[in-house]
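Asker: In case you want the letters, here they are:
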Amino acid sequence: MSIHVGGLHKQFGNILLYRNFSITFTEGIITCILGPSGCGKTTLLNMIGGLVNPDSGNLSGFSNKRMSYIFQDPRLLPWKTVRGNIEFVISREVQKEIRRQKTDTLLKLVELGAFADYYPAQLSGGMRQRVAVARAFACDPDIILMDEPFKGLDISLKKNLTRSFSAIWKAEKHTVIYVTHDVDEALMLGKEIMVMSPPPVQIVAYENINVSPPDEKQFNSLKKKLLMALGES
Amino acid sequence: MKISFIKKHYPGIISVIAMLLLWKLLALYFNSALIVPHPERTLITMLRLFTDVDFLGIAGSTILRGTAGFIISALLGILIGIVSGIRPRFNAFFRPVLVTIRSVPVIALALLALIWFRPGFVPVFIAMLTMFPFICTNVIDGIRSVDPGIVEMAKFYRVNHSRIIREVHIPAIMPFIISGASSALGIGWRAIIIGEVLSQPDYGIGTMMHAQQIYLNVDAVIAWTIIAVLISYIFEKLIRLSERKLVSWKET
Chain A
3 MSIHVGGLHK QFGNILLYRN FSITFTEGII TCILGPSGCG KTTLLNMIGG
53 LVNPDSGNLS GFSNKRMSYI FQDPRLLPWK TVRGNIEFVI SREVQKEIRR
103 QKTDTLLKLV ELGAFADYYP AQLSGGMRQR VAVARAFACD PDIILMDEPF
153 KGLDISLKKN LTRSFSAIWK AEKHTVIYVT HDVDEALMLG KEIMVMSPPP
203 VQIVAYENIN VSPPDEKQFN SLKKKLLMAL GES
Chain B
468 MKISFIKKHY PGIISVIAML LLWKLLALYF NSALIVPHPE RTLITMLRLF
518 TDVDFLGIAG STILRGTAGF IISALLGILI GIVSGIRPRF NAFFRPVLVT
568 IRSVPVIALA LLALIWFRPG FVPVFIAMLT MFPFICTNVI DGIRSVDPGI
618 VEMAKFYRVN HSRIIREVHI PAIMPFIISG ASSALGIGWR AIIIGEVLSQ
668 PDYGIGTMMH AQQIYLNVDA VIAWTIIAVL ISYIFEKLIR LSERKLVSWK
718 ET
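Protein chains in written order, with the numbering used here: chain A, 3 to 235; chain B, 468 to 719.
These aren't lab readings, by the way, just hints derived from the structure by calculation.
One or more hints might be untrue.
Reference listing, derived: stretches of chain B covered by chain A, where coverage requires no fewer than 3 residues with Cβ under 8 Å from a Cβ of chain A [unchecked claim]: (1) 614 to 623; (2) 628 to 639; (3) 711 to 717.
Here the structure is a predicted model, which is why all the values come from computation and not from measurement.
Backbone N, C-alpha and C define an ideal beta-carbon position, used for all residues, glycine too.
Build out the structure end to end from the sequences listed, making use of the hints.
Answerer: Here it is, written out as structure tokens:
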């Protein structure tokens, strides 16, 4: 089972981001895409999510899939409470009590149970991003797109968020496409890790991690390898 | 609590006292009830107006006209504002209309309305047209202020269009609607009174002001003016109260 992007072309002004680019994602695992800033990682996610149209290329395996997206910024509705923000994306066809139950379960998992009735303005940046994480799981997605969701947060918060993310993920094993330029994050979460070059983008390195997260020794050697791939690219 | 209330309103209270003092001084200086009546005499006139059998009918008619004009212009302003905010082409089409309405002198509107409508509706029409651009422009600004990232998120999560309008756009423009409503009503009450003075409906504060002015009852003219100011003040307070309810999420 896999989802596939093939023959992708995308140009932005004078910059040719993608020329005949192909990538395949294995379903049911977390794939991390590492790449330098400005190499078009967000654009790739946006094309997969249908927010941006490619100039040409085909996407297969995405039809009839429900997707959710954790953006770089939390993108919460300021006038809705934490609970309201999560329920917002659950289909209205789902019964009200079930929507509520689901929301409460997710809030507990991201350790925000006590903050259900708070407004985003009353929360810290890390808490807001946790709401966005819970929201991404709320709509029963098949695929979750993540665009450096923990960027700009300090390391302990990042670890904290990564932990709550994997806790929820383990229960359902969604297909996750996780874009970042942070090697540590990729190694903490990813099962498959791909490294992208500057545009026109190519995949310059690929790692499959047998035991995720890897032990310290493997972590360090992989980190060295990935950093080198990033540096060389 | 009580002390802090007084402390907070201290400058306001002083300012009101200063205005009354100035008034008293002017009354003493001119020493003529035909030019500047004494404040205490005006107050007595005002209290007598309150006990008049027709008072509720008169003030009520004016309030009713103001409210009617406000509701019509708010509904139109919100509707057209939302469409203009979302569809740039419609906005380009409607902008000249808005500019025209805003630049037509109130008195010109009044003169035309006198020809077109019956007296009771003239003030409503004038107030409606003076208030509408305020609300409409504010709603357009409000829609523009909606974070495109949030709309993108909502669309991505396949939230349907009507829910995006109701749960994203409307709450986002709420603060703008309220500040639009506040400035609209501020000018709206004045337009209503001008309309009433000119069209002379059977009941209305403007009608009364005009009648008293003819008989040179300056104290009564001022008393009605103060009543009009009080009405305007009460409505402003109501708007602020609803603001606290409707945009409570802004407080942290």
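Asker: Please go over all the hints and tell whether each is borne out by the structure.
Answerer: Checked hints:
1. 614 to 623: Satisfied; 7 residues make the cut.
2. 628 to 639: It holds: at least three residues are needed, and the segment 628 to 639 of chain B offers 5 whose Cβ sits within less than 8 Å of chain A.
3. 711 to 717: Coverage by chain A holds here, the residue count being 3 at a Cβ distance below 8 Å.
Checked against the numbered hints listed earlier, the structure breaks none of them; every hint is satisfied.
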